[in-house]
Amino acid sequence: MKIAVVVRQVPDLIEPVEIAASEKTVDLGMATFRANEADDFALEQAILLKEKSGGTVTVVALDFGDVQNTLYTAAAKGADRLITIPYDADLPPAPKEAAAAYAQVIRGLAPELVLVGSYAHDELESTLAPLLACELGLPFVGVVRGVRPAADGGTATVFKEFPAAALAKMTVKLPALLGILGADQPPRYVPVSRIRALMKTAKIEEQEAAVPDASSAVTVRRLYHPAAGQRAEILEGPPEDVAAKIAGILKEKGVCK
Amino acid sequence: MSSQDILIVAETSRGQLADVCGELLGAARALAALTGGKVVAVLPGADGSALAGGLAAADRILLANAPLLAGFSPEPYVAVLEGIIRAEGPRAVLVASTSVGLDLAPMLGAKLAAPVVNGCRAVSLADGALQVTASFYGGKLLADLTVTAAPAILLLAPGAFRPTLEKGAAAVETWQIPSPLAAGSVVFEEMILPAGGDVDLTQQDVVVAVGRGIQQQDNLEIVEELAAALGGAVAASRPIIDQGWLPATRQVGKSGMTVKPKCFFALGISGAPEHVEGMKDSGLIIAVNTDPAAPIFEVAHYGVVADLLEVAPALTQAIKGA
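Here the protein sequences come in this chain order: Y and P. Be aware that the first sequence starts at 1, since it is given in my numbering, and climbs by one per residue. Be aware that the second sequence starts at 1001, since it is given in my numbering, and climbs by one per residue.
Heads up, a few of these hints could be off.
Reference excerpt, derived from the structure (chain Y facing chain P, CB under 7 Å, subset only) [to be verified]: (1) 108; (2) 109; (3) 124; (4) 140; (5) 142; (6) 167; (7) 168; (8) 169; (9) 171; (10) 186; (11) 188; (12) 189; (13) 192; (14) 222; (15) 239.
By construction, these hints were calculated from the structure, which means they are not laboratory data. Ideal placement from N, C-alpha and C gives every residue a C-beta, glycine not left out.
Sequences and hints are given; from them, build the entire structure.
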């Protein structure tokens, strides 16, 4: 099975997200980037499918953030082909514009399955996976956490997540695009030494694709951080003192004796 | 129908109206009061007649009944909703950030060339323009937005709007689906419910939940000891479940369990809206996080800015010694 996976770069939320002086965009100048978490699961699901049933996995990414490291890591995990789309801007495109660019490259790959993370935390206007499916004219289902291709390759059984640990079992005609939330196993660890070795041998192809100018009926008036600690009464002190305070609160509230 | 109407996409869960319908109606009533329009609730399904009463806060309830809509499948749902939205021409379409809504809203936006805003936490009107406050970056940023096109498709952040006690005219109509629906390329087969046997988080008085701050699976033992000392159960936010460190039945949040224990500990959990949705109504919420700006402190009653790996063992000792 020919599988294409989109992997995006997002700022690591371990660090604060900075806002530009204009207060209308984020400032990613000092951000540390990482692969979008749900895309990482999409890649893992693709590699698992390849290991089980054969085929190829092609990873497509915009040349943004720390994409080279992400792509070499994907190769170390088992991706067969790495493609970047040249992109020279300080901020990633909105999902609609990104979908148009990714579609130009993925169309040429003629994959039977396209896997994209169900969400990215920096998406404000719509989400990439369903928009890319629409661009490609492919069937779509999102919030998926398991994929089982049929033996004949014409369909796949997918499991769509619902609340309270319920899963909807669905049959999808291929080719299709799936929005992935989780895989059959967590993203695999690969040793740094293997990634470094692949940096010397793996080839990253460049494929041009036009990223349309942003056009939106949504205008950002202001970005800001939510007020921190608005409600919580912050308990301070060394761990033992804080623990004693919490124990006192639990006793007072009747949670424990 | 009016261009100032607010349309909601109602959802069902296991044969009942989903809880999010209350939030959708609450947001819609507030916005409709500003636009001067009506609230129109659309309920797709096999036959929603018996559930229409639960949507009485709406002025009109459109039942889109078809056997093919009995289980969720994107293509027929989008086809029906696109037809309704085109015919009704509402000012805004409110959709829940659920497994269903997250598929529908972007696809409807693409079909209708309509703007879609994720994570909406507040909606209002200023000088005739729709104003939206939305959260992104895991709840770490808020954006004040103006949406100029109609209909605006708004994905409401989990738990951001309160259900309304208001009643609407609640006129029930059956939407005539113009042509036979095609099954499409995605076919719903069945809903698989979790096997029993694990702890029922919804019945616990104390829930001790962990997130990324636990760092590694081995550290879960620290939290298990605290839960045991409190007579509670261990739960987790999505990243821990995705790592396979705890079963899906232990997930608290939008896609997991909704819990309302007497006491909820959020240890090393940042407080993304999807998690908060599942625990915000707990009696007492105590959060421990190294990040003083973590959104979890907005919903917690008490907070500790510290490493859970230091606080949890100390608390276990304090409880045992009490």
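Checklist entry - Can you give the numbers of the hints that this structure goes against, from lowest to highest? => result 1, 2, 11, 12, 13
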